[in-house]
Each structure stands twice: as structure tokens, then as C-alpha cells.
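Novice: Read off the chains here:
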Amino acid sequence: MPMDGGIGASTKRREDVRFLTGAGNYTDDINVNGQAYVAFLRSDVAHGKIKSVDTSDAAGMPGVIRIFTGADFEGIGGLPCGWQVTDRHGEPMQEPAHPVLAQGKVRHVGDPIAAVVAETLEQAKDAAEAIEVDLEELPAVVDMKAALVDGAVKVHDDLTSNLCYDWGFVEENRDAVDQAIKSAAHVTTLELRNQRLVANPMEPRVAIGDFNRATGESTLYTTSQNPHVIRLLMGAFVLGIPEHKLRVVAPDVGGGFGSKIFHYAEEAFCTFAAKAINRPVKWTASRSEAFLSDAQGRDHVTKIELALDADNNFTAIRTETYANMGAYLSTFAPSVPTWLHGTLMAGNYKTPVIYVNVKAVFTNTVPVDAYRGAGRPEATFQLERVIDKAARELGVDPIALRRQNFVTEFPYATPVAVEYDTGDYNGTMDALERMIDRDGFAARRAASEAKGKLRGLGINCYIEACGIAPSQLVGQLGARAGLYESATVRVNATGGIVVMTGSHSHGQGHETTFPQVIAEMIGIDASMVEIEHGDTQNTPMGMGTYGSRSIAVGGSAMVRAAEKIIAKAKKIAAHLMEAAEADVELKDGQFSVAGTDKSVAWGDVCLAAYVPHNYPLEEIEPGLEETAFYDPSNFTYPAGAYSCEVEVDPETGKVEICSFAAADDFGNIINPMIVDGQVHGGIGQGIGQALLENCVYDDQGQLLSASFMDYAMPRADDVPFYEVDHSSRTPCTHNPLGVKGCGEAGAIGSPPSVVNAVIDALQSGGHDVDHIDMPVSPSRVWAAMNNA
Amino acid sequence: MHMSDSREITADRETVWAALLSREVLKECVPGCQEMTGSPEEGFEATVVQKVGPVKATFKGGVTLSDIIDGESLTLTGEGKGGAAGFAKGGAKVSLADGEDGKTVLTYDVDAKVGGKLAQLGSRIIDGFAKKMADQFFTRFQEAVEGPSETEGGTDAPEEGGQKKGWFKRVLSR
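These protein sequences, in sequence, are chains A and D.
Residue numbers 1 to 788, in UniProt numbering, belong to the letters of the first sequence in order.
Residue numbers 1 to 174, in UniProt numbering, belong to the letters of the second sequence in order.
Relax, there's no trap hidden among the hints.
Below, computed lysine-lysine pairings styled on BS3-like, alpha-carbon distance capped at 30 Å:
no., chain 1, residue 1, chain 2, residue 2
1, A, Lys125, A, Lys49
2, A, Lys105, D, Lys56
3, D, Lys51, A, Lys125
Don't read these hints as lab results, they were simulated from the structure.
Bound-form chain D, shown alone:
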């Protein structure tokens, strides 16, 4: 399946770009991620636990970054094997552009496919599931960079001193 969307992030392009290359951010943002090792240069190894309809499995796989144009765009390619549950793989082309008021517009174009039991049992719900996964990923990414949105509130504990900064921004500004 294929989906694309864009988000406006309240941070400058450099900050957003750095977050995209951060292992910690990726680990935080990939829904169900238990473990993430590696580096942007060599690729990441990840363990993700997810439940797709009736199929719950631990996926082990890798994420590689390619087509990197510094500060502008990159492609994330991942494949996860869930043993008897089958596999999921996909790619996201992410590009950044300057928005208004110093914000950054992040546009993503995601292609994902599943195989094995995931396809056999989950086909009816897989589109919705993939959309949810992508939404969650980029919502968390946005939160990590700029802090939870005011309307949603977020699930993280309130920041000390009512600060709205995302944890990544805080790390950077230290």
C-alpha cells in the first residue's frame, strides 16, 4: 500500500534533520520498538513488537538510510521478519522544506508491503494498520522534536516547569 502526507513541525530544518538521523529518536518513534542499535551510516538493527489483527509477533529487522541529501531528503528502508507471522517491509521517502515562521514542512511518501501470515490473515486491516503506524511514527517524531501538541496532550509525563520543548530539542539546546 502507498500513503503520503505532510506535517508542519515547529523547529528549524537543521533540528528536524538531526532528529531524522538520530537512533534515539527512531527508537522512540517506531511504534512497538524494543531495541534499536546501529548508526545512520551503517544502518540500524531493530526489534519491534506489534500486533496486526490476530497476529502478534516480534519483528527483527534492519533499517537503512539512503539517498541522503543533507538537510533535504532521505529514504528510510526497512524490513522486519516476524518468524511464523511473516514479514513486513517498506520504505519512506522523507523530504524537508522551509515552512512559515521558521517552521519545517516534513513530507513523507510511504510504501509498505507485508507477506506470509500477516498478508493471509491481516489483509483486510493492513491498510488501516499501516496508516496508523505511519501516523504514529510521525506524530511521535513531531512530539520528540517540538513537544506534545496542545490538543492531544500526549502520553508522556508533563515536562518539568511546564516546558513544551520536546526531549530531543532539550538535549540539543543543552
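Pulled out of the complex, with its shape left as it was, chain A reads as follows:
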């Protein structure tokens, strides 16, 4: 039994008290005295030359304080890209400028041209509409392959083409892979599109800039997953404000899913404008603006080939992917199709040689960057779909084919540069098979058929690299940042603890889980521990939350800091008990001397640290506060096996998910209830991608799916009750908690099993369909069934 409120306890989420009672403090809840409002005038064409921007009529409209255009940002830095990818030929990627407000050209619908700051939002919007922009519309490039044709219209005139980079990984293996595919007994090929998605967190983005004339300090309140990163990028690269004069606050954040990692123009604008007009400036995105300005996700077009020998062992994998960058490079965009995608192409399988080619392409569309899973869902989807297709072509059981090729010995160095420290893929597959009653499937299929429905069962595995990541490694790979995490543990005089973490919670439940770890380590009640996060002023420099890294990296930093606290507290306790430090033990919040009945309580030691009357001052300082920075030696590798059963209505093509089961290995688990919730949410998003969501541009670059009328988000009746199992646990070998991270698994692991199940259902009905691109909508399924 886990300790009440300790590691392994399903403690209820303490943050939910405020979230569920309307007491949260989101960025839009913040109103700074005297604030003005900003409305952005955004391009309604995808590509155009700005001939003039006439603000004279608008400037005279009621309430207008000032109108900014691209001219106001000349000489000011553009939005930086945080990752430089080196291409197949050793050349750096093409990296275009990304101005805060458009300069000379607009490159996607939604590109901001001007910004009106006014007394009210309505006045700002009215004035924005009165700005006269003389735009010469240019032809837009939307399709990636068309964008790479010689003579194609260029998104950026100063680049040599629309190709950002042509990446080969591992380039040295290219010939070996070609050879292995040539000599294979069987090669299965699949071409697919991993469609573009819009993250759509419930809370749209908000930014409030504030400038204190007296101190010269700027403050930005923003909806961010990583306020320190925003402070560094915006301060150092865009506005030239040193960190000690810039505070970034990301309070309660209503979901991010990756889209709130990046540094956005609106953040820089509000900070800049607040100083320029000496008034706080607030911007709140409408949902329509979110569709046009939040970085979008996925959008890969891929061909994958899987080679097998005569005994059905995987011998090689070759992939070719076109990855859409959109019009500009968002903060971490170049890393997603490369290091977060190519390195995972081995999956759970011992394929000896792999070659991944990725061409990243600029188009006149909204920029694309990390979205829940980021690269790993794209890798998982193509791999698990092609394995399923191979099993069908070879007439073998899809689970058996997977099991036969599983990596079973650890550590395992993949041919794509990463080393899995631990795992048990048969273990998660066993756990999955215990949940899904595969033997009963035939009867369930017969029952469906009796109702005129087709039933399918889809299986897949996944692996992800989480806990991003070792700074030195990512530095070699082109990251322009470190990726450690930090924590300060501050013990108060009466024994209560505040942990200031560089991680950021925007739905993950850190305020509940982080205290559970401290409670377990010290043996005190979790209610004695509070978590502070999201404000650069009172937290140590941290890299924030994404890539399922909070507990693995941020939690580890907190453990390291807490270990320092405990070591110091033991010294104090030893002094108080007149014992040798080596003999002092800490258990259940009591320090005791081994083999005696001497003990002193946690609270008494804390008090002694701050009221050091009887204290070893010659040896240690008073106070009890420690900071640690933790930089892991490797990624963590959560993995699992997922299953989905669907019914397809052959009359309409409608897919209904009957059941969904997930068996994950997350290593050690702090709070099983929260882990279940993370997996549930991830699967919901994965089902959304598999069945519903699709971001669509027309050939002019107009975004057609720009509201919830046209962009289909999953609703409650689109998803089943999930069965999840986390009993298979191989603890991470290199972090102190043995944890791996669980935030993205559901979104990574679920789309292939849904599509595999639909294909299985159609095949059972005699339809020779081996792939349908997501979203597997009724019209697409019906068309595939009817060769339409």
C-alpha cells in the first residue's frame, strides 16, 4: 500500500478545487490598471506584397491610442527559431526572418500586418477594420510537392527555394538500407498523409505587456508552457531586454498540447507596445484568431517501406517524408520531423538498418510545430500501419509478427542513434491481451455482422522518447537551448515546504504529484507542501513542460534539491541529538539515531534552522533552502501496446469505436489516477485525429476549417470508456524516481490502432482496402468501400 498522499497514491488533484469552482487565475483573468487593448489586423490572403499600409483614417477613430505597423519593428529582432537542423550534405537549414509584424510581404492568412492599441477592444477592432492596406496578391504555394518544383513561387524571396532542409538519417546507412530492401524476401510499402491538426486548447492565447517606468522593468503575462524560455527568447533575441529587467508570468494555463511552447509575435508585441505607449497592453485571442495564429501540428506526407526476410524478421526500414513548416519557422519546428521523429523509427522492434529522409518545406500556411507527441505520433503511425499491412500481406497474425520482432534485451542501441535503457514490450502486450479478450472477438464480429455491421480489431505498439532531454546531446543535434530542469525547495521555519519548479503545469496536475514525492521522501503529509510555478520572478531558470518531461526531469531536479535538504537537516538533527550524522535516520517525519530511542521531529529541525540558538553554525549555514538543476543522461522510453475495436456501418461508412484498451509501461508511477487521466486525454486526442480532425486549406491558401463548425473536435459520444493498464513497469534506469513520463503516450499510441481496426473491419467485409488516410471519416470510408 502506498503511503497516504505519497508515491503511488491516487491523491485527488488539489488544483481541481479552484479549476472546478471557477477560482482559477488564467491570463485573461488578469487585468492591469490602465490597460489598453490590442486588435491585430491580419492578412486575409495567403501570399501578398504589401504596397502600403495607410493608418490615417483609423488613427483618428474614437479611442485609438496608437497604431503599429511593420515599420515600427524595423531594426527589432524577429522571432527566433530554437533549433537548427543540419541537412544531408552538412549544410544548415534555410532559416527565414520572422518579423513581429509583417514587413513587405504577408505569407499566410492570419499573418499580422498592423496592430491597433485602443481604450477598448471594440474600438481597437473598429479601427483595425479602417486601416487601408494596399496588397498585391501573389500566387500561393500550399501543396508541399508543388512548392519544391523548380520555378515554384517562393514563400521567402531571399531563400534559394521553399526547401528548409533535406535531412537524411542515418546518412551513412543509406546504401545499406537500399541494399537490404533490394535483397529482402518481402517489402511492404505504404504511402500516407499524417494530416494537419489544430491544437485547440480550451483557453485561447492571451498576452498582457506591462512596463514600469519607475524601475524600467517589463512584465509579460502570457499563456505559456515555459515562461523562462519566453523570457530568454523574447528578451535576448527580439526586444533586447536583459532577464533581470523582464518578468514573464504564465499563471493557470488552460491546456497547451504543445501550441503554447512557442514564442509568438503577440507576446513580443504587447511587451514592446506597453513600453512604447507607457500603458499596459492586453490581447486575448478569439477562437478564430487561434485557428490562424497558433502553431498547428503534424502535416507529414510519407512513404514507408518495410523489408522482411523469409522468416518475417524485419531487415530494413526506409522512409521518405515531406514535412510542412508553414510560412515561417516556429520556435521548435525544425526538430519535430527530424530528431523527434527519425530517432523513433525503430519503434519497439530490432530492425538492423533504418534510413529516414525528411524534406521540410515552406508553404503559405500557418506555421507548424510540436503538437502532443510531436514527431513521435507520425513515426508510430507509419510504422504500425506498415507492420499491419505486412502482416496482412504475409498472412500472419499481427500480434505474433510484432512479438517476433520486439526488442527484448536492454539496453538496446537502435540504428537511429538512441539507446533504449529499459523496457518490456512483451509485458505490455501481455497486459493488453489480458484486457481485450481476443478469443471472444470472432463471436463479437459475428454479432456485429448479424446487425449488418462490420467489426474490426486493430492493434499497435508505440515507443516514445520522453523526458526531453540531455542538454549536451540535444546541443549536438542542433538545439539552441539546454534542456535541464530546476527546482528550489524552500523549507519554512515551521516545517512547511514550498517547491519552486521550472516545470509548468497546464493541466498535468503537478501541484498534486510533486508534493507526493516530497511527502514520501520526508515522511510528512503532502498538505505541508506547495508548488510554485509559472513566474520567472520566483522560480529558478527552467525549461518548462513539454515532451512528457515534467516528472522525469523537473521531478528529478526536485528530488535532488530535496536530497540536499535532507542531508542538511540530518546534520542539524545530529547536532540536536548529539549524535553522529551517519547514524541519523529519517522516517515518517522523525529523525532518529539508529539503535537508540533518541528522536527529533521534522518541524523541530526546521525551526532550529531558522532560530539557530542551538545550532552548528561553525559547520553549516542557518536556513533550509536548496536549489538543484538536473540534466538527465538519456531520454526516457515509455512504451506500450494499444488496441481498438470498431464497428463500421457499411451503408454510411460511419465508424463507431466499441472499445479501446491501452497497456503502458511508464516505469514508476507517482499518482495512478492522474496517469490514467493523462492517458485518457491523449487517447481522446488520438481518436480525434483518427476519426474527426482535419485542418484544410484551399489551393489559394485560404483556411477552410477555421471554426468548430468545420474543424471537428472529438465530443463525449465519439469516444468510449477506456481500459487502461499500467501494471507493466520497467523503471527508468537513469533518473532518481525511475519514472518515464505519460503525457503524450495516448496521443502517440492511439491513431494506428483505430485505423488498423477500420481496415480490419473492411477487409472482413471483402473490401480490398489497405489504407485510408486520417481522418477516417464516413465519406472516406464509404468511398474506399465503394471504390468511389
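Knowing the structure of chain A, use the given hints to seat chain D on it.
Specialist: Just chain D, lined up with the frame of chain A:
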């Protein structure tokens, strides 16, 4: 989107051609047109109020006539800006041919596109909307030239003395 259709108008080619070049006819026929100024030579300026699904806006824009082959064909090109609602633009290639019994066959080939909020919110309904707009335009055009059709009755007040002539024809025949 793209659409084409043809209509048989009970009037001779000269009358139909003159109507095509008439500012008054265009104003009458463009659905939601509030104002129309200009001339066929210099182009027309128009203000149009329309509602596309959830987006209602006043579009200001111009219509130009080009590729004019007298009495045979011309191209109408228009662009309207609706402020925050986005924009709509399009062209119609219109050609005339002699029909039976002195009638005139009008064939049109319309290309239209929308951008901004109209595309973002209206994409599902824009094809239907554009078709409706084109239908309305040419139905009204037909009515203006030859009077309301007997089956539809039309929305205009009945003509004095039960005359079936369109108002444009009446103006011409005066």
C-alpha cells in the same frame, strides 16, 4: 468554385447586349446591391450587403468589363472587400448567341473565390451560396429584360395593364 449555365431570354441580342452594359440593370440584378456608380468603359463601383452563413457584411468593390466583343461576349470581373469579413472576387464570362424564335441564349461561366473570414467560416456553404448568387443574378437579369416569368411570378409589383414587359425593355421601347 466554378459554375456554368445558360438561359434563353425572350429578347433579341441587341436588347440583351444593351442590358448587359447597363449600370441600372447591373444594380438591379446584383443581389444585395445598394449602390452602383460608374460606366461600362470605366468600370463600376458597387456597395453590396450580403450574408453568407454566419457572416454578414457590406462589401465595397469594383466591377470591370473586359474582353468585349460587341454583341457577342464579355467578361465581368469583380472584387469586393468586406472588411473583417474578408473578400469575395470572381469573374463571369458571358456570351450571347441567337436562339430560336428571335430569342437569345445567354451562356455564363462563373469563377468565384472567397478569402478571410468568409472562407474560414463559410466554406461549407460557399458553393451553394455562390450558385444561389449566380442564379439570382441571371434570373433577375432575365426578368429585367423580359419581365417576370409566369411560373415564378416574381417579387415585383404587377405591371400596369398586365404588361409582361421587363422594365428595361419598356425603357428601351419608349
